[in-house]
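Mapping to this note's numbering: the sequence shown position 416 is 416, numbers consecutive.
Among the hints, erroneous ones may be present.
Unchecked claim - Derived CB-CB ranges, DEER-like:
| # | residue 1 | residue 2 | range |
| --- | --- | --- | --- |
| 1 | 448 | 41 | 48 to 54 Å |
| 2 | 360 | 140 | 25 to 31 Å |
| 3 | 212 | 455 | 22 to 28 Å |
| 4 | 353 | 179 | 23 to 29 Å |
What the hints assert, rightly or not - Result set (DMTMM-like, lysine to aspartate or glutamate): computed pairs, CA atoms no more than 25 Å apart in a straight line:
| # | residue 1 | residue 2 |
| --- | --- | --- |
| 5 | 351 | 138 |
| 6 | 47 | 304 |
| 7 | 351 | 382 |
| 8 | 47 | 166 |
| 9 | 388 | 304 |
| 10 | 351 | 304 |
| 11 | 388 | 243 |
| 12 | 47 | 367 |
Everything labelled a hint here was simulated from the structure, so no lab data went into it. These numbers come from a predicted model, not from an experiment. Every residue gets a Cβ at the ideal spot worked out from N, C-alpha and C, and that includes glycine.
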Amino acid sequence: MSTKPSHGAVIGGGLAGMLTARALRRHLDRVTVIDRDDLPGGPEQRKGVPQARHAHLLWSGGARIVESLLPGTVERLRAAGAHRIGVQSDMVNLSPYGWQRRFPETQFLIAVSRPLLDWTVRDQVLADDNITVLERTEVHELRGTSGHLTGLTVRHLDSGDTTALDAEIVVDASGRGSRLRQWIAPLGVPQPEEDVVDSGITYSTRLYRAPERAAARFPMVSVYADHRSGVPGRSGLILPIEDGRWIVTLSGTRGGEPPTDEAGFTAFAEGLRHPLVGEVLATAEPEGPVRGSRSTANRRIHYDRLERWPDNLIVLGDAFAAFNPVYGHGMSSAARAVAVLDRTLRRQSGKPELARTAMRGIAAAIDDPWILAASQDVFYPDCRVEAKDPRLSEELHSRQDFSERIGTVGLSDPLVSAASAGVTTLAAPVSSLQSPAVLNALRTGPAQPPLTEPPLTEGEWALLR
1 MSTKPSHGAV
11 IGGGLAGMLT
21 ARALRRHLDR
31 VTVIDRDDLP
41 GGPEQRKGVP
51 QARHAHLLWS
61 GGARIVESLL
71 PGTVERLRAA
81 GAHRIGVQSD
91 MVNLSPYGWQ
101 RRFPETQFLI
111 AVSRPLLDWT
121 VRDQVLADDN
131 ITVLERTEVH
141 ELRGTSGHLT
151 GLTVRHLDSG
161 DTTALDAEIV
171 VDASGRGSRL
181 RQWIAPLGVP
191 QPEEDVVDSG
201 ITYSTRLYRA
211 PERAAARFPM
221 VSVYADHRSG
231 VPGRSGLILP
241 IEDGRWIVTL
251 SGTRGGEPPT
261 DEAGFTAFAE
271 GLRHPLVGEV
281 LATAEPEGPV
291 RGSRSTANRR
301 IHYDRLERWP
311 DNLIVLGDAF
321 AAFNPVYGHG
331 MSSAARAVAV
341 LDRTLRRQSG
351 KPELARTAMR
361 GIAAAIDDPW
371 ILAASQDVFY
381 PDCRVEAKDP
391 RLSEELHSRQ
401 DFSERIGTVG
411 LSDPLVSAAS
421 AGVTTLAAPV
431 SSLQSPAVLN
441 ALRTGPAQPP
451 LTEPPLTEGE
461 WALLR
């Protein structure tokens, strides 16, 4: 019997990669994380995560998984200034269907800057001496065959030297920029199919110093586009984060892109479906420049469908499926995929179907956020769709009719609102919207008349004065 320590390799040191390293360490003796960047020693921006400057939501479905992997994370984030926002109690939200009533909390989200979230997770993961990071290092090639990897060869960016790493399991968590399709080609693994739904959405983000009295208690504010209107979708979000700041992200689909100059940013915020975002920002102090981003297409690569695949190579996070960030599902979807990997390793470790079982489970775990994002984005003008998913073609309008009913009734019915919140936060499956109680509420119709103005209290308005 071999006494050689078992070893796993994780490509990518972002949030998905660090959570993966933590999960692998539960089952392996050692884990090595490979990343092209120098990883900061604190909550700082880094080159490899340019999207970190924009607003990020860690929904309750993802937060609970992170907490299960790294107990105490949520409390540590809150101690550092992150906000726990109740859904819908702490939100002022204009959805595509109207103003949402602020019912008591049934789910939540963690509002925090991406650098602080990444650092909090990374600091805990790397406290384990058996998890190490190769910084400023990239994958040169995968070693093995189309049926099984023996490891990989990495190249050090500064010296150009290459090093061979043996690994029982290799996980690609390197994000949208993954080069996995190039790496598997020399092994004789066929190229996977890819579905793309690209509304052309772009982002502009700026930090603001919140009014002193509003910093700790003002709700999250969002004004979303109506995808049914036939015009480019323009949206805005004010998210309270640590240090008394608001991170403000504006977005627009193809033909309605937000500007990145200061005057244009302000005008765009004021010109949304309702001027609330602009009105609130008028009470705050800008901090720093406006930052833009364009890497936002919904993209799903079907590695799970390939008949020929190494039995110890797994893909997750944005390298497997990436979503339009406006829905905030990326981080929570990655956490769901890591949870699947952890369960599969517990049940299938050492079995030849390990990777195939894990990849099928990951595909199922990300299917809900995929269809939630893609089936809405396809309605925007000039959306580019290259997908074989029948739910985005012949089934699209029947699905949309049901979604519209959920969205409309949920504005004023607490039961439907709670069910919808469970799905949005990835705490419950889309199928839960078909429960008898929800269907009965949909037949009954809205419980109260629609709101005509944002549901801000007088006390909350007073915090801005």
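Now for the hints, and whether the structure bears them out:
no., hint, verdict
1, 448 - 41: 48 to 54 Å, "holds, 51 Å"
2, 360 - 140: 25 to 31 Å, "holds, 29 Å"
3, 212 - 455: 22 to 28 Å, "holds, 23 Å"
4, 353 - 179: 23 to 29 Å, "holds, 26 Å"
5, 351 - 138, "violated, 29 Å"
6, 47 - 304, "violated, 30 Å"
7, 351 - 382, "violated, 46 Å"
8, 47 - 166, "violated, 28 Å"
9, 388 - 304, "holds, 15 Å"
10, 351 - 304, "holds, 17 Å"
11, 388 - 243, "violated, 45 Å"
12, 47 - 367, "violated, 29 Å"
Comparing the model with each earlier hint shows violations of hints 5, 6, 7, 8, 11, 12; every other hint is respected.
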